[in-house]
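Participant: Now for the letters of each chain:
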Amino acid sequence: MTLQYLPVLLVVIGASGFMAVMLLLNSWLGPKPRHAPVMDTPFECGSPMLQTDNRRRTAVKYYLVALLFVMFDLETVLLYPWAVMYRELGLFGLVELLVFLVSLVVGLTYVWRKGALEW
Amino acid sequence: MNIDLDFSLMIPELILAGAAVLVLLLDAFLVPPGPSQDEGDPRDITLAVSVLGMAIAAIWTITVLWADGTSRVSFGGLFVVDAFALFFKEVVLIGAGLSLLLSDAWLRHHRVPSAAPHCLMLLATAGMLYMISAGDLVMLFLGLEVMSIPIYCLAASLRWDDRSIEAGIKYLVLGSFATALMLFGMALIYAFQGFEGGVATMSIAAIQETIVLHDGPLPGYAFAGGLLMLIGMLFKISAAPFHMWTPDVYEGSPTPVTAYMSVAVKATAAAVILRVFGGPVLEAMGLEGLLWGVAALTMIVGNVMALTQDNVKRMLAYSSIAHGGYILVGVLAASPDGQAGVLYYTLAYTVGNIAAFGVLVHLSRQGHEVETFDQLRGLGTRFPLVGLVMTIAMLSLIGIPPFAGFFAKFAIFKAAIGSGFVGLTILALLTSAISVAYYLRPLVAMFMTEEIGAPAPRPELQPRLALAVAIAVIATVVLGVMPDRYLDWAAASVIALAW
Chain A
633 MTLQYLPVLL VVIGASGFMA VMLLLNSWLG PKPRHAPVMD TPFECGSPML QTDNRRRTAV
693 KYYLVALLFV MFDLETVLLY PWAVMYRELG LFGLVELLVF LVSLVVGLTY VWRKGALEW
Chain B
3 MNIDLDFSLM IPELILAGAA VLVLLLDAFL VPPGPSQDEG DPRDITLAVS VLGMAIAAIW
63 TITVLWADGT SRVSFGGLFV VDAFALFFKE VVLIGAGLSL LLSDAWLRHH RVPSAAPHCL
123 MLLATAGMLY MISAGDLVML FLGLEVMSIP IYCLAASLRW DDRSIEAGIK YLVLGSFATA
183 LMLFGMALIY AFQGFEGGVA TMSIAAIQET IVLHDGPLPG YAFAGGLLML IGMLFKISAA
243 PFHMWTPDVY EGSPTPVTAY MSVAVKATAA AVILRVFGGP VLEAMGLEGL LWGVAALTMI
303 VGNVMALTQD NVKRMLAYSS IAHGGYILVG VLAASPDGQA GVLYYTLAYT VGNIAAFGVL
363 VHLSRQGHEV ETFDQLRGLG TRFPLVGLVM TIAMLSLIGI PPFAGFFAKF AIFKAAIGSG
423 FVGLTILALL TSAISVAYYL RPLVAMFMTE EIGAPAPRPE LQPRLALAVA IAVIATVVLG
483 VMPDRYLDWA AASVIALAW
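Protein chains in written order, with this note's numbering: chain A, 633 to 751; chain B, 3 to 501.
Treat the hints loosely; a few may be bogus.
[Said to hold, decoys possible] If you want a taste of the chain B side facing chain A, the calculated C-beta under 10 angstroms gives, among others:
1) L7
2) S116
3) A118
4) C121
Hints in this document: simulated from the structure, not taken from any laboratory. Cβ coordinates follow ideal geometry from the N, Cα and C atoms, glycine included.
With the rest of the complex left out, here is chain A (with noise of 0.2 angstroms):
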């Protein structure tokens, strides 16, 4: 029972293991950089902090453009167990795929004929 889950406790090691290593490696053979007061910040990539206006505009068609990629994102989700799975499900699999796809398409369709995609 328990054996079956070998392959996920080898898969933790693995992954730990090889993050172990790159972490190593680095603080090894990279730069060794002399202490400065910017390292005890909480967060020293980037800008500094407490800077008088840290805020910027962000677009707001990103926003639509990201709510796209949902979109399609959420369809190469569901494309690949279909194509792992094409030769069992037939033509029934691809029938189900296609009303999936021409739903998705109807949807782009309505967004770009309603200037979702106008910058």
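Starting from the known structure of chain A, fit chain B onto it as the hints suggest.
Facilitator: Showing chain B alone in chain A's frame:
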């Protein structure tokens, strides 16, 4: 692949989904940007497609599927078509179709530059039908999402109106929270089924069997799971103490959307509660006392809070909470009579409520919303027909014969007494008496007071709105004068739930 797939059972759902896709395409290619034109508007086409889709789905449900009579299960137990599901589908389709007709008049008044509300209503309705037919918790959850997400968008469909946005965001955040609770409950119940039932399945029937056959009280996690699932459904039916979102969302949403939410979502939630917690399940889960408390609290909160409102939509929101309480009394009765009462009640409530909201849509214009009691002053005297419709709607909601509401309440209270819930029934009667006070307020304003300031312009009559209101009013009267046939249908429908 050897799963049975009987697509003929879900033809109404497929029609709705197909109509939604068609409306989306028509909207994309025909509706020009900009305010709605009154003549030659392509939205006539999208409305025709939507209404036709709803009508064909409703007719198919009643002629083909209902006439067949037998209960059938397909898609590996995911999809159940029985008389119980068909009755609720019919109620939901009637409510949704009439709301669609109301929404058309409203879209024109408010110059909404899109036919998207039509498409969203079709999709949400398809989700409701899937929920009602769910034989499996996974299907139930999928249906819930397909129903909820379009309704969040519908609530916010006046994008330039702060209150509409507020309604959408509130409904989205609180609705997602309730959905999450329900999902967690399903996971716990699934674990219980896996440990105690032998077979790990999400099938509602199998889980109910495991729960009922279980000796002694359920383990704590299974009780928690049932409780969380019940809370999720109580949120959708807007029962106290999970009703906080209702007044704000109902007030802020466009009026036809409010009508749609108050009738269709409530009927769907009632169907799911009956399907999942019906028969001996509620008692076996140890949730009976809790639901008793919720029903009592819901009736008190709904009816008392409705007294203090100045806005008709808010008043109707609290009234809808109160009606949710009466529906829960029927669920608690757990007898076939009680369940049949719930079915009849949802039908009666649907038509009465649509008539009331229809009056508000008829009187409202962009920039001149008729929402408060003051704005209704004198309008009944000036427009007697509008006053008559409002009178019938309010009397039916109070439960005064000869209108539909009377027999609905009568059936539920009778069943509750039959099952021994005398205290709860007395409370229900007392709160019904309270409800007279606030249901008569719009009538008093309309008939017994003078208009303030300059008289409002005479609203033009939209034929589609008139059709919807006429159907609702006639149904309210017919259900009240000749209730036998429909009560018999309701009684025949719940046989499918029999244990």
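Participant: All hints are to be evaluated individually against the structure, with a verdict given for each.
Facilitator: Hints and how they fare:
1. L7: holds (8 angstroms)
2. S116: Holds, because the Cβ-Cβ distance from S116 of chain B to chain A comes to roughly 8 angstroms (cut-off 10 angstroms).
3. A118: holds (9 angstroms)
4. C121: Interface hint status for C121 of chain B: holds (9 angstroms vs cutoff 10 angstroms).
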